[in-house]
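Protein chains in written order, with full-length UniProt numbering: chain A, 1 to 669; chain B, 1 to 324.
Because the hints were derived from the structure by calculation, they are not lab data. None of the values given here were measured: they were computed from a predicted structure. Don't be surprised by glycine CBs; every beta carbon is placed ideally from N, CA and C. Among the hints, erroneous ones may be present.
Stretch by stretch, here's where chain B covers chain A in the computed footprint (C-beta under 8 Å, at least three residues) [said to hold, decoys possible]:
(1) 172-182
(2) 204-215
(3) 295-303
(4) 392-401
(5) 615-626
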Amino acid sequence: MSSSTTSPASSTVALPKTGITVPVAARKLMLLVALTAVAAPLAAARWGSGSWPEALTVSLKGPLTTANNWIIDNRDSHWVFLYFFGHISNAIISAVRGVYVVLLALGWAGVTAGASLLAWRLAGVRAAVTALASFAVCGALGMWVPTMRTLALMIVAVAASVAVGALLGLAAGLSDRTFRVLRPVLDTMQALPAFAYLLPVVLVFGIGVAPAVLATVVYAAPPMARLTALGLRGTDKGVLEAVDSLGATARQRLLTARLPMARRELLLGVNQSIMMALSMAVIASVIGADGLGDRVYQALSTVDVGAALTAGIPIVLLAIVLDRTTSGRGPRLWAGVPQAGGTPGRRLGEGGHNRPRSRTRTATTWAVAAAAVVALGRLAGTSWPDGWTVAIAAPVNHAKDWMVDHLYSGIPGIGGSADWAAHYTGWILDPLRNGLQALPWWGTIVIVAALAWLIGTWRTTLTAVLSLAAIGVLGRWDPAMDTLSQVLAAVAVTLVLGFAVAVAAARSPRVDRLLRPVLDVFQTMPQFVYLIPVVALFGVGRAPAAAAAVVYALPAVVRIVSQGLRRVNPGALESARSLGATGGQQLRQVQFPLARPELLLAVNQAVVLVLSVVIIGALVGGGALGYEVVFGLAQGDLATGLVAGTAIACLGLMLDRVTQPVKAKAKEA
Amino acid sequence: MARRKLITTVAVTGLLAAAATGCGAADMTKQASPYANAAGAKTVTLSVQSWVGARANAAVAQYLLEHQLGYRVDTVQVDEVPAWDALSQGRVDAILEDWGHPDQEKRYVHDKKTVTDAGPLGVTGHIGWWVPKYFADAHPDVLDWKNLNKYAAQLHTPESGGKGQLLDGSPSYVTNDKALVSNLKLDYQVVFAGSEAAQITQIKQFAKDKKPFLSYWYEPQWLFNEVPLVEVRLPEHTQACDDKGTKDPSTVDCAYPTTPLKKFLNTGFADKGGKAARFLEKFHWTKADQNEVSQMIAEDKLSADEAAKRWVQRHPDEWKAWMP
Chain A
1 MSSSTTSPAS STVALPKTGI TVPVAARKLM LLVALTAVAA PLAAARWGSG SWPEALTVSL
61 KGPLTTANNW IIDNRDSHWV FLYFFGHISN AIISAVRGVY VVLLALGWAG VTAGASLLAW
121 RLAGVRAAVT ALASFAVCGA LGMWVPTMRT LALMIVAVAA SVAVGALLGL AAGLSDRTFR
181 VLRPVLDTMQ ALPAFAYLLP VVLVFGIGVA PAVLATVVYA APPMARLTAL GLRGTDKGVL
241 EAVDSLGATA RQRLLTARLP MARRELLLGV NQSIMMALSM AVIASVIGAD GLGDRVYQAL
301 STVDVGAALT AGIPIVLLAI VLDRTTSGRG PRLWAGVPQA GGTPGRRLGE GGHNRPRSRT
361 RTATTWAVAA AAVVALGRLA GTSWPDGWTV AIAAPVNHAK DWMVDHLYSG IPGIGGSADW
421 AAHYTGWILD PLRNGLQALP WWGTIVIVAA LAWLIGTWRT TLTAVLSLAA IGVLGRWDPA
481 MDTLSQVLAA VAVTLVLGFA VAVAAARSPR VDRLLRPVLD VFQTMPQFVY LIPVVALFGV
541 GRAPAAAAAV VYALPAVVRI VSQGLRRVNP GALESARSLG ATGGQQLRQV QFPLARPELL
601 LAVNQAVVLV LSVVIIGALV GGGALGYEVV FGLAQGDLAT GLVAGTAIAC LGLMLDRVTQ
661 PVKAKAKEA
Chain B
1 MARRKLITTV AVTGLLAAAA TGCGAADMTK QASPYANAAG AKTVTLSVQS WVGARANAAV
61 AQYLLEHQLG YRVDTVQVDE VPAWDALSQG RVDAILEDWG HPDQEKRYVH DKKTVTDAGP
121 LGVTGHIGWW VPKYFADAHP DVLDWKNLNK YAAQLHTPES GGKGQLLDGS PSYVTNDKAL
181 VSNLKLDYQV VFAGSEAAQI TQIKQFAKDK KPFLSYWYEP QWLFNEVPLV EVRLPEHTQA
241 CDDKGTKDPS TVDCAYPTTP LKKFLNTGFA DKGGKAARFL EKFHWTKADQ NEVSQMIAED
301 KLSADEAAKR WVQRHPDEWK AWMP
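Turn these sequences into a full structure, and let the hints steer you where they fit.
Here it is, written out as structure tokens:
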């Protein structure tokens with residue numbers, strides 16, 4: 001769900017005029033070439049031209065191991081832990097436990113009925129039915145208790161991230177200076193893969209629910225913060241002046257004008273926080289989060305697809321229910337994708353202003369409903385009845401075995417999924433990896449600099465180059481190049497597929513209509529569940545990780561590109577057509593050039609999303625940096641894990657900055 | 001309204017948390033899982049590691065605890081080393097199969113006394129390097145480590161980068177393989193399959209094509225019944241080598257020890273865990289028993305619960321002795 005890197009504002013960027021870009025690009029390139037010509041021979045002579053030079057690395061292993069040991073030995077005695085971290089951990093555990101006990105006390109009937117009522121109130125009948133059916137399926141799969149654990153953890157984590165995010169957002173929304181400081185930080189945090197957040201909390205808190213909740217909060221708060229800030233800052237100046245002229249105090253101005261007018265962003269922020277929290281709560285099973293994620297994790301480590309699916313389905317259902325319920329009655333908001341026309345935050349009429357009429361009645365109804373829910377829960381019992389469960393693991397595994405026997409290899413003509421996986425690994429990934437690792441280190445840096453500068457500004461270039469250098473300094477150059485090769489290959493596949501589908505969708509309204517609900521569902525699913533089907537299809541290794549990454553990133557790319565293509569001025573298209581351009585010519589010469597900002601944005605999103613999944617692909621044999629994080633966690637060797645986690649963050653930063661044109665321009669505008 | 005509700009929720013949660021916390025010291029190493037003992041159920045949390053043998057132990061223990069002693073059992077997947085930390089903190093109550101972690105044992109059992117030794121599991125574990133029988137029959141001298149370099153070229157794969165491949169499984173297992181390869185000057189590359197399941201898949205694929213391979217592997221393991229493997233002799237295991245390895249793992253240059261697998265309980269749980277703790281202390285079975293359950297889980301694809309049920313029905317005498 002980390003797809004929310006772009007702000008709604010970014011769609012307002014003016015098109016770069018091609019006539020100006022070319023000479024600028026040439027000048028930039030010439031400057032770089034000159035720099036390289038001077039610096040590269042020097043660097044090569046001094047440090048050699050292979051992988052990142054040994055002399056320029058700093059090993060953090062020693063100090064980090066010492067720190068880790070010190071923390072473990074002093075966790076039960078030092079005051080920092082007893083009086084500070086201990087209380088944080090305790091508060092989280094008490095809160096999760098409180099929510100969990102309430103959920104258990106409500107019982108399966110109570111929770112199901114309560115969730116349906118809530119969904120009905122917030123989002124209408126369809127959402128209520130979805131909620132009802134989803135919870136019933138969770139119970140029927142025998143996953144009731146794990147679902148409640150994930151839900152309990154989620155409720156606490158979301159409450160905390162919304163609170164933290166709203167506070168930060170408020171600060172950034174009201175003060176320009178805070179905004180300037182906070183915005184790049186928040187942007188960066190959203191571009192980082194979830195895995196990078198796990199290690200630091202484990203270092204301090206060990207394995208368990210408390211660190212899992214903390215990692216989730218850190219991961220899920222940024223979208224709330226940045227949307228709150230954007231909402232507050234986007235308030236209509238005219239309205240503000242009107243409020244001022246009425247003599248409102250700053251407080252009144254905030255409460256009566258700015259906050260209500262930012263309602264749409266606030267709700268979107270809550271929705272995004274929830275979706276990201278779910279995504280993280282599931283991944284955090286690697287650090288002991290328990291619940292549904294843990295079941296998937298256990299099943300993945302034994303490649304038990306049936307069991308993984310049994311736990312994966314409730315995760316998907318939970319995601320759909322949460323998304324449908326919290327995106328409310330308003331128009332469907334697509335996480336992370338800039339809205340096509342229209343300015344956000346102008347739909348006040350639907351807001352809370354025209355409701356007081358029915359408030360008393362609502363309150364009574366709610367009291368009655370709540371009482372009924374509790375009574376129902378007490379009557380029906382705590383846990384889902386054993387007799388009402390359906391074991392799907394065995395049939396799924398039979399189906400999978402059948403697939404292994406029949407689809408894996410040897411299908412005449414097209415081979416089989418295992419053959420594809422082998423070809424993808426052998427013909428694409430291996431040469432790419434070997435190429436990247438064989439490239440002299442300064443060459444890689446020059447290429448990254450050139451790309452970043454061509455697409456963005458000197459600022460993004462500097463960040464990209466420094467991040468890349470940091471990876472080298474940390475001594476993770478080779479594994480990072482391995483990860484990079486996986487990312488590049490998967491991004492290429494994603495873009496080819498995504499552009500093809502998007503062109504089809506932009507041309508045919510029917511394809512578009514068919515695609516929409518599919519994209520909706522795919523975009524709400526946590527990254528983790530994509531690992532399940534790919535293991536069944538492609539076995540274990542780098543190919544399944546790539547497949548999961550492609551499937552995860554595809555919806556965002558399709559959506560952004562097809563919106564971009566559809567927004568192209570019909571007049572321009574019409575005139576091209578009247579000049580006798582064929583469909584392909586229209587596409588190449590009119591639509592693609594005019595939709596350039598969207599296409600670049602799609603590339604940026606693809607890179608960020610693919611990276612996040614390639615990293616967790618380590619759980620299915622993806623290797624490289626993600627594997628080192630898993631290894632660090634598994635062996636209790638946090639030094640290795642932390643260094644790899646930092647390298648992942650740097651890689652994420654580098655990739656984001658290299659492909660980040662739109663925001664840089666938006667800032668200048 | 002939604003916002004106000006939200007703020008109220010946050011405030012209430014915060015207040016509750018503050019009230020529950022109090023103002024004194026909060027020792028996070030004594031905070032159990034928030035899910036333990038909820039709604040009046042007596043809960044035991046078992047740490048399950050990813051290999052099938054460990055699942056077999058946990059499955060049978062869970063079945064008996066739930067059906068004979070009336071507990072609710074949670075299993076959590078924690079890897080070997082973090083499991084010690086979790087055990088010490090009381091986030092899990094028991095580890096049923098530990099393959100020997102002397103430094104962790106020293107830290108938690110002897111120094112901090114937060115973990116208690118609960119006796120042997122009854123199974124003896126042995127780690128080593130193994131080659132398939134068909135390969136050993138064709139080339140008997142591969143069974144001595146000194147000749148391994150001769151075969152490096154035959155054992156080369158795309159992942160091993162021009163050297164011979166030594167296939168390792170899960171990153172979480174006890175392994176000195178990287179140190180062994182470098183200290184014995186072997187022309188091999190350690191390649192981690194990522195998980196035991198991935199390793200088994202690869203071994204089966206190699207065996208199907210009768211390709212040679214060299215793999216980190218261990219006993220007891222059900223896979224031996226399917227793919228016969230022969231162990232490669234590494235330099236003999238000595239106490240001196242062991243001591244050296246405890247100090248600095250990168251200096252190990254001898255074979256893995258034969259380890260009697262042990263059980264460990266959280267000290268608080270051992271003292272106050274009642275029947276469950278007594279039962280887990282008495283839990284003791286043989287390699288054959290464990291393999292029977294493992295094979296049902298891994299090969300016959302039974303659910304762990306079903307496999308445990310069948311074993312329990314077949315061997316009543318054995319488990320009745322464990323009852324407190």
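Quick rundown of the hints versus the structure:
1. 172-182: As far as the segment 172-182 of chain A goes, the hint is violated, because 0 residues have Cβ atoms under 8 Å from chain B.
2. 204-215: Coverage by chain B holds here, the residue count being 6 at a Cβ distance below 8 Å.
3. 295-303: Holds, because 6 residues of the segment 295-303 of chain A bring their Cβ atoms closer than 8 Å to Cβ atoms of chain B.
4. 392-401: Since 3 is at least three, the answer is holds.
5. 615-626: Three-residue rule met by the segment 615-626 of chain A, so holds; n is 6.
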